[in-house]
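Student: As a plain string of letters, each chain reads:
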Amino acid sequence: MVDLTVDLKNGLKLKNPVMTASGTFGYGEEYEDFFDISRLGGIIVKGTTGSHREGNPYPRMAETPHGMLNAVGLQNKGVDYFAREIYPRIKDYNTNLLVNVSGSTVEEYEDVARKINELENIPGIELNISCPNVKEGGMAFGTSCPSAVSVINAVRKVYDNHIMVKLSPNVTNVAEIASAVEGEGADSVSLINTLLGMAIDAESRRPLLSTITGGLSGPAVKPVALRMVWQVSQAVKIPVVGLGGIMTATDAIEFMLAGASAVQIGTANFIDPLVSVKVIKGIEDYCERHSVNSVTELTGGMITD
Amino acid sequence: MVDLTVDLKNGLKLKNPVMTASGTFGYGEEYEDFFDISRLGGIIVKGTTGSHREGNPYPRMAETPHGMLNAVGLQNKGVDYFAREIYPRIKDYNTNLLVNVSGSTVEEYEDVARKINELENIPGIELNISCPNVKEGGMAFGTSCPSAVSVINAVRKVYDNHIMVKLSPNVTNVAEIASAVEGEGADSVSLINTLLGMAIDAESRRPLLSTITGGLSGPAVKPVALRMVWQVSQAVKIPVVGLGGIMTATDAIEFMLAGASAVQIGTANFIDPLVSVKVIKGIEDYCERHSVNSVTELTGGMITD
Amino acid sequence: MKKYIDDFTVVENRRLNDEYVILTLQLDRELPEILPGQFAEVRVDNAPNTFLRRPISIHDVNLKKRQIKLLVQEIGEGTRTMGSLQKGDKLNLVYPLGNSFSDPDTKEVLLVGGGCGVAPLLYLGRKLKENGITPKFLLGARDRDGLISLDEYEKVGEVNVTTEDGSLGTKGFVIHHPLMRTGNPGYDHIFTCGPEPMMKVVAKYAEKHGIKCEVSLENRMACGIGACLCCVTDTKDGHVCTCTDGPVFDSTYLKW
Amino acid sequence: MKKYIDDFTVVENRRLNDEYVILTLQLDRELPEILPGQFAEVRVDNAPNTFLRRPISIHDVNLKKRQIKLLVQEIGEGTRTMGSLQKGDKLNLVYPLGNSFSDPDTKEVLLVGGGCGVAPLLYLGRKLKENGITPKFLLGARDRDGLISLDEYEKVGEVNVTTEDGSLGTKGFVIHHPLMRTGNPGYDHIFTCGPEPMMKVVAKYAEKHGIKCEVSLENRMACGIGACLCCVTDTKDGHVCTCTDGPVFDSTYLKW
Ligand SMILES: Cc1cc2nc3c(=O)[nH]c(=O)nc-3n(C[C@H](O)[C@H](O)[C@H](O)COP(=O)(O)OP(=O)(O)OC[C@H]3O[C@@H](n4cnc5c(N)ncnc54)[C@H](O)[C@@H]3O)c2cc1C
Ligand SMILES: Cc1cc2nc3c(=O)[nH]c(=O)nc-3n(C[C@H](O)[C@H](O)[C@H](O)COP(=O)(O)OP(=O)(O)OC[C@H]3O[C@@H](n4cnc5c(N)ncnc54)[C@H](O)[C@@H]3O)c2cc1C
Ligand SMILES: Cc1cc2nc3c(=O)[nH]c(=O)nc-3n(C[C@H](O)[C@H](O)[C@H](O)COP(=O)(O)O)c2cc1C
Ligand SMILES: Cc1cc2nc3c(=O)[nH]c(=O)nc-3n(C[C@H](O)[C@H](O)[C@H](O)COP(=O)(O)O)c2cc1C
Ligand code: FES
Ligand code: FES
Chain A
1 MVDLTVDLKN
11 GLKLKNPVMT
21 ASGTFGYGEE
31 YEDFFDISRL
41 GGIIVKGTTG
51 SHREGNPYPR
61 MAETPHGMLN
71 AVGLQNKGVD
81 YFAREIYPRI
91 KDYNTNLLVN
101 VSGSTVEEYE
111 DVARKINELE
121 NIPGIELNIS
131 CPNVKEGGMA
141 FGTSCPSAVS
151 VINAVRKVYD
161 NHIMVKLSPN
171 VTNVAEIASA
181 VEGEGADSVS
191 LINTLLGMAI
201 DAESRRPLLS
211 TITGGLSGPA
221 VKPVALRMVW
231 QVSQAVKIPV
241 VGLGGIMTAT
251 DAIEFMLAGA
261 SAVQIGTANF
271 IDPLVSVKVI
281 KGIEDYCERH
291 SVNSVTELTG
301 GMITD
Chain B
1001 MVDLTVDLKN
1011 GLKLKNPVMT
1021 ASGTFGYGEE
1031 YEDFFDISRL
1041 GGIIVKGTTG
1051 SHREGNPYPR
1061 MAETPHGMLN
1071 AVGLQNKGVD
1081 YFAREIYPRI
1091 KDYNTNLLVN
1101 VSGSTVEEYE
1111 DVARKINELE
1121 NIPGIELNIS
1131 CPNVKEGGMA
1141 FGTSCPSAVS
1151 VINAVRKVYD
1161 NHIMVKLSPN
1171 VTNVAEIASA
1181 VEGEGADSVS
1191 LINTLLGMAI
1201 DAESRRPLLS
1211 TITGGLSGPA
1221 VKPVALRMVW
1231 QVSQAVKIPV
1241 VGLGGIMTAT
1251 DAIEFMLAGA
1261 SAVQIGTANF
1271 IDPLVSVKVI
1281 KGIEDYCERH
1291 SVNSVTELTG
1301 GMITD
Chain C
2001 MKKYIDDFTV
2011 VENRRLNDEY
2021 VILTLQLDRE
2031 LPEILPGQFA
2041 EVRVDNAPNT
2051 FLRRPISIHD
2061 VNLKKRQIKL
2071 LVQEIGEGTR
2081 TMGSLQKGDK
2091 LNLVYPLGNS
2101 FSDPDTKEVL
2111 LVGGGCGVAP
2121 LLYLGRKLKE
2131 NGITPKFLLG
2141 ARDRDGLISL
2151 DEYEKVGEVN
2161 VTTEDGSLGT
2171 KGFVIHHPLM
2181 RTGNPGYDHI
2191 FTCGPEPMMK
2201 VVAKYAEKHG
2211 IKCEVSLENR
2221 MACGIGACLC
2231 CVTDTKDGHV
2241 CTCTDGPVFD
2251 STYLKW
Chain D
3001 MKKYIDDFTV
3011 VENRRLNDEY
3021 VILTLQLDRE
3031 LPEILPGQFA
3041 EVRVDNAPNT
3051 FLRRPISIHD
3061 VNLKKRQIKL
3071 LVQEIGEGTR
3081 TMGSLQKGDK
3091 LNLVYPLGNS
3101 FSDPDTKEVL
3111 LVGGGCGVAP
3121 LLYLGRKLKE
3131 NGITPKFLLG
3141 ARDRDGLISL
3151 DEYEKVGEVN
3161 VTTEDGSLGT
3171 KGFVIHHPLM
3181 RTGNPGYDHI
3191 FTCGPEPMMK
3201 VVAKYAEKHG
3211 IKCEVSLENR
3221 MACGIGACLC
3231 CVTDTKDGHV
3241 CTCTDGPVFD
3251 STYLKW
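Here the protein sequences line up with chains A, B, C and D, keeping their order.
Just so we're aligned: 62 in our numbering is position 62 of the first sequence, and the numbers increase by one with no gaps anywhere.
In our numbering, each residue carries its 1-based index in the second sequence increased by 1000.
In our numbering, each residue carries its 1-based index in the third sequence increased by 2000.
In our numbering, each residue carries its 1-based index in the fourth sequence increased by 3000.
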């Protein structure tokens, strides 16, 4: 029997290293028809902000080679609505529910985190300082050390449980930012959020997204994500959660070998709603085949002699 | 009849906007069997350094979803060998030959540029301050404004003809770097060079490249490239040359609509050695179909109202 | 309604013309309930540039044979790959998705379709007929070749057609058909699916004459199940998902 | 040698076993000259995860019929897609690529192959025979199922085999075959193609006994024509391209 559990510390224990990524798995409910979602290591729910947001105008999505661009722009009904209407429906899932927290100002991050702090069955938040699809805040916080630090510092004061910080890949030196947020008390980092991209329809000469640019995800970005996970895991001591283009168990294992303690699956859920359970099973099979007793042995297991 | 000519200024006039990208088209000779390479708008020959370089150990290549990683590491026989042995063989091609110039130090860039300056049939150089596959110099020059500036400044003093500066996508703010090199007298900028990526073989647990990380190219990177071309073309007045994942005429047209005056084709040459002439033809057809008299009308023609 | 992921087997690929095929797909067990207006997210294998699933309406359902039909218009790599499927090939569907056309309060209904928007109207018409309502169809196309398998619709109700070039039926758009002239139109509920400009004029006409009008929207979809929020449309309640709150909307609810 | 890009038509796909197929491809015009040891870069369509071409050796050439054969071992998506091609399908090749096995100065030659490395040896053997040299083959595999279409090789020369499990021929690796024992070996030129560890022991044996040895290397290739410099191998002259300076090298030239 392979031990699939992973302890990300400060209250975040996963039954297996597979979580679903924010914005791609709704509140979990959307996938209930397909499988028992309590089998997941964790679910990161949608990006949540201080108040209701309509998100960006339509169109918000474009397909690209082995990937997609989105420009959802954090559409959500705000943290109070979440706490009142959604939390009661989902709080008893037997898995880790993390709320992806976003904001336009440091105060907004703080406000949302404080309110989530009061919800008992939420073991942690994922601080999204890397959303490329909002005009204010979002990615701007995650692309420089001082601004990243200011968010973590403020949130750490009001939030007791696990803080996972989601990093932007749209930077020159991701390891530097990871170290900075580690220094402010982040419990873990997750990466990557989407790469800023763009698509045009040559016939109409118009951008395919209402916002012109959007966030690129899917297998196309996997090589970049893997490289960043490797760089960050060498720079920090806190656990690293890897994501970006994971479609199969082999992809997930690659992220763990590069240094991730756990992984998240995003875009792949759209193509195969069952992908996350298949990945869990595939990791287990791999461990058995390679006589790995605990999945934690994979973390950073890349051989580079 | 569509006018396909593009004037990139300071001596670089293209018969059409399609060039081939450095490191993917050898010295042109490799493709002579397939078509008349004088039909190209230009050829950017291999990365050339001050002296002979063996490049990185094998393996140097890995396939990724809709892309590839390479870690060639600027293997070349040095500028003197180029001037003595290769230049005489290729100098009479009836197209623009640009030499892609690389170095580990500012002096090396300067040295190579000075020597190329003496070769009559080379209308320009492409300054590669963005190679991710060398230990020293390379991308390091292209990821901060001061170091980029130092290279352009030194080379501008010794090189009279067209200087195209090739930018790295591995930065937080590519427009800022583009503006900085424009300020130092660059005649044009080309982008993107490869995105730093990585691939692992899960079974052997080893990286697929000898250098662990390498440069990602191909359609996977196109959305990022297009976005950067758009950002840069709004920030500078000098011409922008767009590349990254172009496989078809439609892709090339998208780059022009986003702001490119010309394009380069890289990885696609490996899949279809005839791709560049097909793209030229496709651009011409598009212009006819859309009643565009001069291809220059496409540049920046994206409609964003 | 519970959603499923299933591999269907292609039992027939009937090519109607250059552009359109009807795929008949069979399941190896009982079909779940499927409502008219619902769609499936189809996974397209072996199409190198088709990454996401493709939303396709349920064109027809035969519970006894455990078969569904898809009417596919080939416009890109995904739909062309579907169009080239052969008997025995597998096709993976996430289904049934979306809401559905409502049960009308009246017996006088008009089903207006254009282009591949005629797809969901066949199953809708059949269901209406089962419930004792004989619908009228008004189908529009560029030319006679664009009007496909009319015989199937004729089995269900009266079929009226328009073509832009006048090669069949009334010349012009659906809105130019006598059925869409003012004065007692003989129906008080319209269901429409087709190009957005068409649906907009139909909806405007309906609103003007106090006729209830339900439209079935298309949108760029990634998940099809309400998880990604990519497919929003603007309504009186702000942005809602076309894939779960729709694809069928009362026209007056939309910010058109 | 001039290189070409051509669409070939599959005229036969002969499945040898679970793992191997032989594709016979026909050109609609005269074939250019092709040398033994050369390869083609094959474009694999309809395989979503196969982006680059795949290098495959020329297994056999029939100028009169304008046909070439490829022996394909299915190990991944690209080769599996090739293996599933059917009569009438098209396959786009950039060819002929690389150098070739040399013309030996002797009449006593041994062709040593392992796994899918036997592929180029058939055409080589046939060419040698045309030039009055009857080659000996020594072919190795894991088991008897790995030894494929031996009859074709037997038409050309004496065939000796080894299998790791002893299910056919000598038990062990090619190096364990009597032909590879010291003492008058009866040949003074070896051509070998197969897994690198196999070629290394063969080359070491040859060097020790003063026998000339040419090896055909594999490598990860992007362009196949010397443009990308991805496929280097380390030699006495430093890094050279396997695709243009090779794939055939004198074993003493390599830094093994
Ligand atoms: C709820 C719903 C039901 C549908 N029912 C049917 C049906 O029954 N039969 C049918 O043939 N088609 C139907 N469609 C449309 C179908 O989904 C698209 O034609 C298909 O996704 C195109 O895929 P492709 O790979 O062939 O083309 P692509 O190469 O992806 O696209 C070709 C062109 O079509 C545009 N396009 C692609 N997808 C859409 C879309 N969803 N909406 C608008 N434009 C798009 C692209 O921008 C591009 O210009 C439906 C769409 C929706 C949302
Ligand atoms: C000059 C040359 C001649 C060849 N001749 C033949 C031939 O006649 N018949 C034949 O079946 N094969 C031949 N090969 C090998 C063939 O190119 C690979 O098997 C093929 O590219 C694998 O593609 P795939 O998509 O099936 O597998 P992939 O999914 O790409 O790879 C499957 C596994 O094989 C490894 N691999 C892929 N390509 C290579 C390679 N080029 N070298 C070593 N390992 C690789 C991958 O790392 C992976 O572990 C030749 C290779 C070269 C360089
Ligand atoms: C439609 C969509 C919506 C997303 N919304 C969010 C979000 O609200 N918050 C966030 O941190 N990341 C969001 N992301 C990013 C993903 O969580 C993930 O970081 C990214 O997609 C890369 O992973 P993938 O390639 O597995 O999808 C979104 C991604 C997509 C595709
Ligand atoms: C094998 C290979 C070698 C390359 N060598 C160089 C080089 O020497 N100098 C350089 O500036 N760019 C080099 N590049 C980068 C390309 O010129 C180009 O910027 C990049 O591949 C993106 O374009 P593409 O997606 O069309 O290939 C190389 C790319 C590849 C794939
Ligand atoms: S397509 Fe994902 S929410 Fe509608
Ligand atoms: S494969 Fe490109 S140089 Fe050999």
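Simulated from the structure, these hints should not be mistaken for laboratory data.
There could be a bad hint or two in this list.
Claimed, not checked - Capping the alpha-carbon separation at 25 Å, the derived lysine-lysine pairs in PhoX-like fashion look like this:
1. B:LYS1091 to D:LYS3003
2. B:LYS1278 to D:LYS3090
3. C:LYS2090 to D:LYS3087
4. D:LYS3255 to D:LYS3208
Student: Now tell me, hint by hint, if it's right for this structure.
Tutor: Hint check:
no.: 1; hint: B:LYS1091 to D:LYS3003; result: holds (23 Å)
no.: 2; hint: B:LYS1278 to D:LYS3090; result: holds (20 Å)
no.: 3; hint: C:LYS2090 to D:LYS3087; result: holds (22 Å)
no.: 4; hint: D:LYS3255 to D:LYS3208; result: holds (16 Å)
Taken one by one, the earlier hints all hold for this structure without exception.
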